[in-house]
Amino acid sequence: MADSLIAEGLEKYFNPETTAEVKAIEGTHAASYAAKLARVKVVSAYPITPQTTIVEKLSEMCASGEMEAEFIKVESEHSAMACVIGAESTGTRSFTATSSQGLALMHEELHWATGARLPVVMANVNRALGAPWNIWADQTDSLAQRDTGWIQCYAESNQEVLDMIIQAYRLAEIVMLPVMVNMDAFFLSHTTEPVALPKQELVDQFLPEYNPKYKMDINDPHAFGGLAKPDTYMELRYNIQKSMEDAHRLIPEVADEFEKVIGRNHGGLIEEYQTKDAEYLIVTSGTITGTSRIVVDQLRAQGLKLGLLKIRFFRPFPVKEVQSVLGKIKKIAVIDRNLSFGRCGIFFSELQAALYNCECRPLLNGYVAGLGGRDVTPKTIEKIVNHLIASEKGEDLIWMELNI
Amino acid sequence: MKDALESNNGKPVFAMSVTDMHKNKTGSWRYMRPIYDEKTPPCIKGCPAGERIPQYFALVKEKRYQDAWHLILEDNPLPGVCGRVCYHPCEGVCNRKDFDETIAIHNLERFVADQNVGNSFPQRFFAEKTGKKTAIIGSGPAGLSAAFQLARKGHAVTIYESLAEPGGMLQMGIPKYRLPREVLEKEINDIKSLGVEIITNTEIGKDKPWQELSDTFDSILVATGATKSRPMQIPGEDLEGVSSGLAFLREFNMQHKRDIKKKIVIIGGGNTAIDCARSAIRLGAYVTIIYRRSRHEMPAVPEEIAEAEAEGVKIIYLTNPIEFIGNGKLEKIKLVQMQLGQPDADGRRRPVPIKGSEFEIEADQVMLAIGEVPKLDFLPEGVHEKWGRVDVDAYQMSNNKGVFACGDSANGPIGTVVDAIATGKRAAIAIDSYLTNQETEFVHYGKVVGFNEINLDYFKKEKRVKQNRNNQKEVLSNFNEVHLGISESDALYEAERCFSCGICTYCDTCLIYCPDVAITKAPDGKGYIINYEFCKGCGLCVHECPRNAMTFEEELKWRIV
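Protein chains in written order, with the working numbering: chain A, 30 to 433; chain B, 4 to 564.
Mixed in with the good hints, there may be bad ones.
Said to hold, decoys possible - Just some of the chain A residues that point at chain B, by a computed CB distance under 10 Å:
#, residue
1, G144
2, P223
3, D249
Stated by the list, open to error - Distance windows between CB atoms, simulated:
#, chain 1, residue 1, chain 2, residue 2, range
4, B, E306, A, F100, 43 to 53 Å
5, A, T47, B, M35, 30 to 40 Å
6, B, E465, A, T47, 44 to 54 Å
7, A, N248, B, K463, 28 to 38 Å
8, A, P223, B, K463, 17 to 27 Å
9, A, G255, B, P526, 44 to 54 Å
Worth flagging that the hints you see were computed from the coordinates, not collected in a lab.
Don't be surprised by glycine CBs; every beta carbon is placed ideally from N, CA and C.
Next up, chain A with everything else stripped away, as it sits in the complex (with noise of 0.2 Å):
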């Protein structure tokens, strides 16, 4: 029977009709396929630890024509998105990636790609910022550019990794926005896993070439990046937010067309599991989401009616559809592999925001785990479910594992 359940599995994620080869490679090097199959045109970036990996197998193709890009090397994540926005200004698709310091140095410029309505894809890998020094898993890297106009999701699977990078592209051309593609740094950036790379003809099907209506052309000139007033500024703005709201919207429609194409949906801007009889639900994001995966499944065995809700994107929020889950769950656990500091963790405080002005208010707890690439493992996950079922009022911030 579990032998079945996997090979179906694998069937549906390795569909031979439309898999051109099943590689055991790591996160990054998922990363870098994806910007190959979508026929990326220039590549900038700067090395960072632990992005380093998607810009060296990137660059090993562009140089041995592999792929047909340009690879500009740069001296920092500045000067990176620089060029990627310059490149996608000519409308050129153009891909860069960071992680932690290197995105913080990108700050200014995310702004400006999204101002510029630049169709930019990033990966970046979830570091811990310094001080001190920290090469490990943590989220408040991306999270901390959550204000810059840029739609983020978080993968769980280097196979995510891979589909969303595509996926991203198809999204951000339509909406005119950049999008950045997340993965939690080592367990995801440096494990390796078996990758389902598609067929580049059916790529090309689901991401057709890249045109905008405006660019920059030397045949057509016209001045790019100049001065808005007061009197237009705020209906640029405005005009963002109605984009961020189409991505909204189509992020479901683009993840449906991706698996009519290629096979594969790793669902919409959340995911649930075992959410319709639940009367617990731990939400989480990234890889802590494989983890709790098995943890539902062993609680399950002995009883407990356990759901888990996997947020994919960050930005846009899925507000609607937290809504329409969390409302009918009696407690809820966020599990934040990171931390505004005064506050809490980030998911959690977006998420109580978001039930606010919902009828019905479940218990909810913020739990702190894993920062700087701690383990989360299922015993961590256990405890918070135990914590959570013995709550009787929530609380925002709990720290776990804490040795002190």
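With chain A fixed as given, assemble chain B onto it according to the hints.
Quick look at chain B alone, frame taken from chain A:
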């Protein structure tokens, strides 16, 4: 769903102008002004004749060898000669020397000349006759250069040459292994094709009186060179076997006299000494050069010294003869060792004899090559001289109106072929304005581009080409040319290496970098036009120009003008 880049009013949803940019005259923002401004490369200034080196390289790169030749000719009618014998001061100042290796300008000049052995002068060199007549005394490089420039202006030129063949020092002095005579002959014939008359075997003051010249011609140019060997003024100079090096070269080169002795000693360290030594060694002699200073002070071209040594010439430095010893015939030379003392007027350290260091060596023959001076006894009374040369002003004119002098017979830069060509050209420019009553206009060089003004990002380090040469053993048995020039592919490679300092190569870098699209190519493709209505003075074009053909100046300066 509507296009995300378009808002409800049909305008783009980001900051982009919807009309073209011509409305926005960004030129008003400018406080610095880029100027398309070619400058002087060091090689052009370094070449006494002022050959436009990067410009003819540009033509070489396009394989337009005939055009390249014409361009060199404008400044120097003897590129075949200079491509072989010039000491190429241009290369010594080449900016490329601070990057990898200096450009082989000398070899390229020869290459261009050699490509054109079958070609004659372009039509534009044949000017309408002015009716003015100039006599030139001496058909050496100075006289030939002046004759060419004057003939190009339409003046009638007659050259008087005392020897049987024209060419001066090129004919009598320079050995054939350095300058095959057909090369010289070709270039003299080209000059003659402009109508220049060369009357040989006619020494002014002997075969023809000065008065006849001054009666017949509108101006006279003295270009007799320095042909009289300086004596040593030591005992035994009158012995048989003691002679002048220049006389040996002349007799060998022009009359093919080969009767020389076995053990030959040459006194002196200049090019004449080296020419004598290398000629004598080809005739089977054992040759020793005696020079009173060290190698560092030796005036001969370093490459020539090295070649002489490689061919077996022995050089004894810091030694000077004090007596030639023999009984009617030379047998021995008494020498004294020298040491270098304080620097003298020309900056070289003066040699001082070391007391008690005298010694003797055996010799069958001595050639004196310690320098040559002009022979000016034909000049009329009253022509001023200075240090044995005609004293000329900035316009190469003597105190005697209408009498000019150039080359080694005049004061000024002396001693080399290219200096002679340069002063001959200068004299011709001055004579032309004298004959036509016009202001004399010499070329004035502006700013010379320095190494630190080259944008090295645009260049990669590359090896300099090497000239082909005849087999070392074979060249010693005859007077065949030692060096054979460079191949076409080497010439193209070398021309490509040139930085082209300050001289635009139309590479489009400025145009590509201009963020305001304010730079356009000139209609003929040769140059760029900056549209100051839009140039906002960011300076990118100036900064990026690989060769400093752009200048950045404060706008204020231009506004006030």
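Verification of the hints:
no., hint, in the structure
1, G144, "6 Å, holds"
2, P223, "36 Å, violated"
3, D249, "8 Å, holds"
4, E306(B) x F100(A): 43 to 53 Å, "47 Å, holds"
5, T47(A) x M35(B): 30 to 40 Å, "59 Å, violated"
6, E465(B) x T47(A): 44 to 54 Å, "52 Å, holds"
7, N248(A) x K463(B): 28 to 38 Å, "33 Å, holds"
8, P223(A) x K463(B): 17 to 27 Å, "45 Å, violated"
9, G255(A) x P526(B): 44 to 54 Å, "32 Å, violated"
This entry does not satisfy hints 2, 5, 8, 9, going by the numbered hints stated previously.
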